[in-house]
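Novice: What follows is each chain in one-letter form.
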Amino acid sequence: MDVRAQLVMVFNLDKCIGCHACSISCKNIWTDRKGAEYMWWNNVETKPGVGYPKKWEDQKVFKGGWVADGKNLRLRAMGKGGTLLSMFFQPNMPKLEDYYEPFDFDYGNLYGAKEGNDQPVAEVFSQISGEKMAEIKGGPNWDDDLSGSPLYAAEDINLDDRKIIEEYDTMFMQYLPRICNHCLNPACVASCPSRAIYKRGEDGVVLVDQNVCKGWRFCTSACPYKKVYFNWNSGKAEKCIFCFPRTETGQCNACAHSCVGRIRYVGVLLYDAEQVEQALLKPDDQLVEAHRAVILDPRDESIRDAARKNGVSEQWLEAAEKSPVYALVKEFGLALPLHPEFRTMPMAYYIPSLSPVLSTLGDTHELAEHGTFPALEKLRAPIGYLASLLAGGNREVVASVLAKLIALRGYMRGRNLNEPADEAILKGAGLDEAAAGRLYRLFTIGGHDERNIIPPQQREEQDPHTRKGASGFGILKKTGRGR
Amino acid sequence: MLNTFIFVVLPYVALALLIFVTPYRYLTNRLTWSAYSTQFLERKALFWGINPWHYGIIPILAAHVVGVVAPGTVKGFLANQDTLIILESLGLGLGLFALFGCLVLLPRRVNSPLLKRVTFASDYILLILLTLQTATGIYIATFMRWGSQWYLHTAVPYLWSLAAMSPRVDYMADFPMVLKLHAAGAFLIVALLPFTKLVHLLFLPIGFIKEPPILYRWRAKHMP
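One line per chain: the protein sequences are A and B, in this order.
Under UniProt numbering, residues 1 to 483 are what the first sequence spells out, in order.
Under UniProt numbering, residues 1 to 224 are what the second sequence spells out, in order.
Note that these hints are calculated values from the structure, not bench results.
The structure presented is a predicted model; accordingly, all values stated were derived computationally and were not measured.
Glycine included, every Cβ here is placed at the ideal spot set by N, Cα and C.
Incorrect hints may appear among the rest.
As the list claims (entries may be wrong) - With a Cα cut of at most 25 angstroms, we get these calculated BS3-like pairs of lysine-lysine:
(1) B/Lys-44 / A/Lys-137
(2) A/Lys-63 / A/Lys-95
(3) B/Lys-210 / A/Lys-63
(4) A/Lys-55 / A/Lys-95
(5) B/Lys-210 / A/Lys-71
(6) A/Lys-137 / A/Lys-95
(7) A/Lys-114 / A/Lys-34
(8) A/Lys-282 / A/Lys-71
(9) A/Lys-137 / B/Lys-116
(10) A/Lys-80 / B/Lys-210
(11) B/Lys-116 / A/Lys-60
(12) A/Lys-95 / B/Lys-180
(13) A/Lys-80 / A/Lys-95
(14) B/Lys-116 / A/Lys-34
(15) A/Lys-378 / A/Lys-427
(16) B/Lys-44 / A/Lys-54
(17) B/Lys-116 / A/Lys-63
(18) A/Lys-55 / B/Lys-44
(19) B/Lys-210 / A/Lys-132
(20) B/Lys-44 / A/Lys-63
(21) A/Lys-80 / A/Lys-282
(22) A/Lys-95 / B/Lys-44
Said to hold, decoys possible - Derived CB-CB ranges, DEER-like:
(23) A/Ile-24 / B/Pro-113: 20 to 30 angstroms
(24) B/Thr-73 / A/Asp-58: 45 to 55 angstroms
(25) A/Gly-112 / B/Lys-210: 54 to 64 angstroms
(26) B/Asp-82 / A/Lys-60: 40 to 50 angstroms
(27) B/Lys-210 / A/Gln-251: 33 to 43 angstroms
If we strip away everything but chain A, and leave its shape as in the complex, we get (with noise of 0.2 angstroms):
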């Protein structure tokens, strides 16, 4: 057994608004520079719909992700042969008009213009070529709020039947935020000839060092989430860090801070490294499940033994134990990986949207036993469609996650009410009355320091004695002549 601390961010789809605060709190920290215009480390998509870049999870577009062949995961695209004869044409990385062409607004004109007949305009200019653009064709949330569209949302690679967004009485939609995943066993750290990026060890954070990426660009496509991207003007390769200046000192990432309808949870799992790859070799519809079981119980003593020798910190344990990401994933079961047949095991989890429960009854929806909810197979969003998101295709899985929700929330509406708590809707469903108060509260009135629970990296705290006799600054390296 190899316990190792992750940080891990989970998402509460029901009540993510597309408000996009967090791609803006993201892009003005952290990407609103030269060669990152177009680079949306955090993104806001409406699902269904092709996303950005567009066509993301279609891997037979990009080619990214792992492959199971029976006894080995090996890169989808190519292998380290391949990779070496492709350096100087990289044939599956997305171009920017995958992506769009980021522009801006000549907004100085509005102030600069010529007196004349007409009202000045702020015409639109290229922020690559600096020219101006007679059209704009695309941007990162080019498809927002059009779910209906046969435009976008029937390309959308998870819809099993288009049809269903053709018919207003069946058309769905709903949001999927996206940042990195640092996944623990992430394409792209593979698949870079220069060894550039890498997963550290004590939080699971996957990074590009930018002094060791050299532009081979391999880990663009690599990514099956498309969530490593190239910087037309450094040359190299960046992507989303997690915020580790903010996290390493105990704050929360800017996305889930700015987050306004709160639905993001940040927190520490325990998983075994050592079962990582044989996890990932199971069929696709028992990803899920082998996912669950790499996670380790973090109030177990022989785990938290193992994880001490590991040099986890007690402050790290104490989070793991306090965990609201171990409470979602494994605890209740909740939250799900995105694509998990993409086999990068990511770190990142949703939980799948229940709504509209409420709509008008009738021959659309059909009362649940327990009334004012929807039976599970006549929710306006299909289990199929978010089996094929979030599950590998297996329904099951999310019909248990959206029974869950269900049960919570008639329950918990009962006793809103006044009404006679009947903890057997909990039961049926798989939880009791202690976790409706936990999930109760993480999904509702949970505050900042419940729903994010970040141990310090405490950087001191890790080899003390040799720190004390280096040079200072972390580095470990001795300074001055001689030994």
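Model the placement of chain B on the given structure of chain A, informed by the hints.
Specialist: Coordinates of chain B only, in the frame set by chain A:
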């Protein structure tokens, strides 16, 4: 005078720059150490330019190096006339392939509006220099036949004399101008390497080939 410049001054200056500037740049600012790929902004013309260029020039460059490193072996290998003819034809073909790549890449830089923002003087200097170098190489291969043979008896001992710090210019002095230009171009490219994106040539993916796929970095020493 010109001979001294091309065959004594230029190579040593180039070598000195390579030896001293490269590590200096590596140690002081690796943030500019990149191949500066422009594939993200333009890929249609790039495909027809960059692939012919690299697949053409790398075997040719390797052949030049092998001749210097192991002249004896190569002499034996080329003793058979059939082998010689096949090899020279192959070299000429690869040279033309590389030149074709250059001729695609040059107008590409000029024509694409998006690329103007990422095109600097050094890009044009390198591209033109490499095009000329390929062109002189093709001229030599075509009109000064059996170069792979006489290279081993002229340029190779000359390069070894350079390494021994006693340059024997007489090996090269009587060659026509075009070959001297080819040599000067080669030294110039070496001299420019540490200052430009050509540093991407200095790349050995040993870690990529040997290490396990997932790379971890631990802040403190990891105790397994």
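Novice: With reference to the structure, classify each hint as holding or not holding.
Specialist: Now for the hints, and whether the structure bears them out:
{"no.": "1", "hint": "B/Lys-44 / A/Lys-137", "result": "20 angstroms, holds"}
{"no.": "2", "hint": "A/Lys-63 / A/Lys-95", "result": "14 angstroms, holds"}
{"no.": "3", "hint": "B/Lys-210 / A/Lys-63", "result": "24 angstroms, holds"}
{"no.": "4", "hint": "A/Lys-55 / A/Lys-95", "result": "12 angstroms, holds"}
{"no.": "5", "hint": "B/Lys-210 / A/Lys-71", "result": "20 angstroms, holds"}
{"no.": "6", "hint": "A/Lys-137 / A/Lys-95", "result": "14 angstroms, holds"}
{"no.": "7", "hint": "A/Lys-114 / A/Lys-34", "result": "30 angstroms, violated"}
{"no.": "8", "hint": "A/Lys-282 / A/Lys-71", "result": "10 angstroms, holds"}
{"no.": "9", "hint": "A/Lys-137 / B/Lys-116", "result": "21 angstroms, holds"}
{"no.": "10", "hint": "A/Lys-80 / B/Lys-210", "result": "10 angstroms, holds"}
{"no.": "11", "hint": "B/Lys-116 / A/Lys-60", "result": "32 angstroms, violated"}
{"no.": "12", "hint": "A/Lys-95 / B/Lys-180", "result": "42 angstroms, violated"}
{"no.": "13", "hint": "A/Lys-80 / A/Lys-95", "result": "23 angstroms, holds"}
{"no.": "14", "hint": "B/Lys-116 / A/Lys-34", "result": "15 angstroms, holds"}
{"no.": "15", "hint": "A/Lys-378 / A/Lys-427", "result": "22 angstroms, holds"}
{"no.": "16", "hint": "B/Lys-44 / A/Lys-54", "result": "19 angstroms, holds"}
{"no.": "17", "hint": "B/Lys-116 / A/Lys-63", "result": "30 angstroms, violated"}
{"no.": "18", "hint": "A/Lys-55 / B/Lys-44", "result": "20 angstroms, holds"}
{"no.": "19", "hint": "B/Lys-210 / A/Lys-132", "result": "49 angstroms, violated"}
{"no.": "20", "hint": "B/Lys-44 / A/Lys-63", "result": "19 angstroms, holds"}
{"no.": "21", "hint": "A/Lys-80 / A/Lys-282", "result": "24 angstroms, holds"}
{"no.": "22", "hint": "A/Lys-95 / B/Lys-44", "result": "11 angstroms, holds"}
{"no.": "23", "hint": "A/Ile-24 / B/Pro-113: 20 to 30 angstroms", "result": "29 angstroms, holds"}
{"no.": "24", "hint": "B/Thr-73 / A/Asp-58: 45 to 55 angstroms", "result": "51 angstroms, holds"}
{"no.": "25", "hint": "A/Gly-112 / B/Lys-210: 54 to 64 angstroms", "result": "60 angstroms, holds"}
{"no.": "26", "hint": "B/Asp-82 / A/Lys-60: 40 to 50 angstroms", "result": "47 angstroms, holds"}
{"no.": "27", "hint": "B/Lys-210 / A/Gln-251: 33 to 43 angstroms", "result": "39 angstroms, holds"}
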